[in-house]
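Here's the letter readout for the chains.
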Amino acid sequence: MSDPSPTKQTILYDMHVELGAKMVPFAGFDMPVQYPDGIIKEHLHTRAAAGLFDVSHMGQLVITGSDPVKAIEALIPGDIQALETGQMRYSFLINDAGGILDDLIVTRRKNDLFVVVNAACKDQDIKLLADGLAGKATVTELTDRALVALQGPKAAEVLGRFAPETATMSFMSYREIDLDGVTCFVTRSGYTGEDGFEVSIPNSHAVAFCRKLLAEEEVAPIGLGARDSLRLEAGLCLYGHDLTETITPVAAGLLWAISKRRREEGGFPGAAVIQAEIANKPTMKRVGIAPEGRAPAREHTEIADEAGNIIGEVTSGGFSPTLEIPIAMGYVPLAFSAVGTKINLLVRGKPRPATVVKMPFVEQRYYRG
Amino acid sequence: MSIKFTEDHEWVLLEGDVATIGVSNYAQEQLGDVVYVEVPQVGSDVAKGDELAVVESVKAASEVYSPVSGEVIEVNGDLEETPTLVNEDPLDGGWFAKIKVTDASEIDELMDEAAYKTFVEGLE
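In the order they appear, the protein sequences are chains U and W. Residue 930 in this note's numbering sits at position 127 of the first sequence, and the numbers go up by one each step. Residue 367 in this note's numbering sits at position 47 of the second sequence, and the numbers go up by one each step.
The hints are simulated quantities; they were obtained by calculation from the structure and are not laboratory data. Some hints here could point you the wrong way.
[Said to hold, decoys possible] Example chain U residues on the side facing chain W (calculated, C-beta under 7 Å, incomplete):
1. GLY841
2. ILE842
3. ILE843
4. GLY1028
5. SER1032
6. ARG1097
7. ALA1098
8. PRO1099
9. PHE1122
Values in this document were obtained by computation on a predicted structure and should not be read as measured data. We treat Cβ as the ideally placed atom computed from N, Cα and C, and that holds for glycine.
Bound conformation, chain U alone:
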């Protein structure tokens, strides 16, 4: 028998425990799934005021080299050349078959690229990037920094009290900001559909900064449970569930993340497959699903057509605290992907009617300046 590797802790672990969090193992870390308020209250608080999330388990990488932009474009389909310094973009690592190996965010900085990747894929990503960039650029993981997200309609007002210059940042932009005498990497981004920020802060100052934020009356700590229900309402994909190495960006409905230039020029892994799928349409497509009634349809719930044939599978599903109904997303054949299409969800073997709907389920409220 092999010993499972011990779970790691983020620098905020003791604070989570002190706040009464229920800690669970997630991607090798002991993370707060919820605090005493519970998932629904935490979720609604984020939509109404501001929620503080510890996302320090995610990988923070810096790519340096003589031309890191050109180098990374050989590995991802994102149009990094089109970014100005201080702008960021959602993209993915892709295999030669066009399947998604991870989704990530790339920020173009003055002299390098700042990349945030999923915790569960971090080791794989670092190796892929290091191998793919060898001789052209270098990947360094920033292990001395925490990453926290402040999300919600009050996020800008709250962060503005500590760093007034954040107020005018627009969605998907980056600034380096001095907080308590240390340099923080602040981006106006997030994973909730709300306006908000992610702040990369040196571990040495992270706890003190979070305590200051939590002392503001609008701010409550939010766990991974509400993070998941918030992103599902916003129609955002979770890697390992809605995106996998057998799903292409075309099937996932993420073509908006591949610019016209990159579609035409290719030059990234899987480009030929993706170009062919754009021309011929994908076989399957990611859709939003509204189950009738109140029973949630969970991940792996089979999707059937009205005749009972199995046509697909739910990849994320749960309950929407904002709408107070079950919501889901999943993959169906193209012919069943039109909004309004009637399908059945086999919940515990019983077919339950559902409808293909538009996403997001809850409107995104990003700040565009």
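Got chain U; can you put chain W on it based on the hints?
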């Protein structure tokens, strides 16, 4: 007859030959916010250990097993509109089903309130 508990955190209250079934306060705390309860069909027969109901929280679905054998004679219709009764009032308003038991001795094997309290303390 007093309330009895199972190691799976169901409770049973036997009155005459009718057992009311629910889940304990510890169970609802572990489940978190309940958003849906699938109750059994009235008239269905269940054996001890069979799946009786499914409780869905925001995060996950959990099965509730029947601690007794018998026929389901009534289910808690209030749970359809207000599944949070399981959180707010687990030992009373949050009950799931009433079962006409075929073998009341099945209940004798279960823990009484004091034994269950000790059992739960051992889990924490």
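Verification of the supplied hints:
Annotation: interface hint on U/GLY841 holds; nearest CB of chain W at approximately 5 Å, less than 7 Å. Checking U/ILE842 against chain W: minimum C-beta separation of about 4 Å stays under 7 Å; hint holds. Residue-level restraint check for U/ILE843 holds (minimum Cβ-Cβ distance to chain W is 4 Å; threshold 7 Å). For U/GLY1028, the interface hint holds, the least distance from its beta-carbon to any beta-carbon of chain W being 5 Å, beneath 7 Å.
Because the closest C-beta pair between U/SER1032 and chain W is about 6 Å apart, less than 7 Å, the hint holds. The interface hint given for U/ARG1097 holds, since its Cβ lies 5 Å from the closest Cβ of chain W, which is under the 7 Å cut-off. At about 5 Å, the closest approach between the beta carbon of U/ALA1098 and any beta carbon in chain W falls short of 7 Å, and the interface hint on this residue holds. Below 7 Å, beta-carbon pairs count as interface contacts, and U/PRO1099 has one with chain W at about 5 Å; its hint therefore holds.
With a least beta-carbon distance of about 4 Å to chain W, the hint placing U/PHE1122 at the interface is held under the 7 Å criterion.
Of the numbered hints given earlier, the model fails none.
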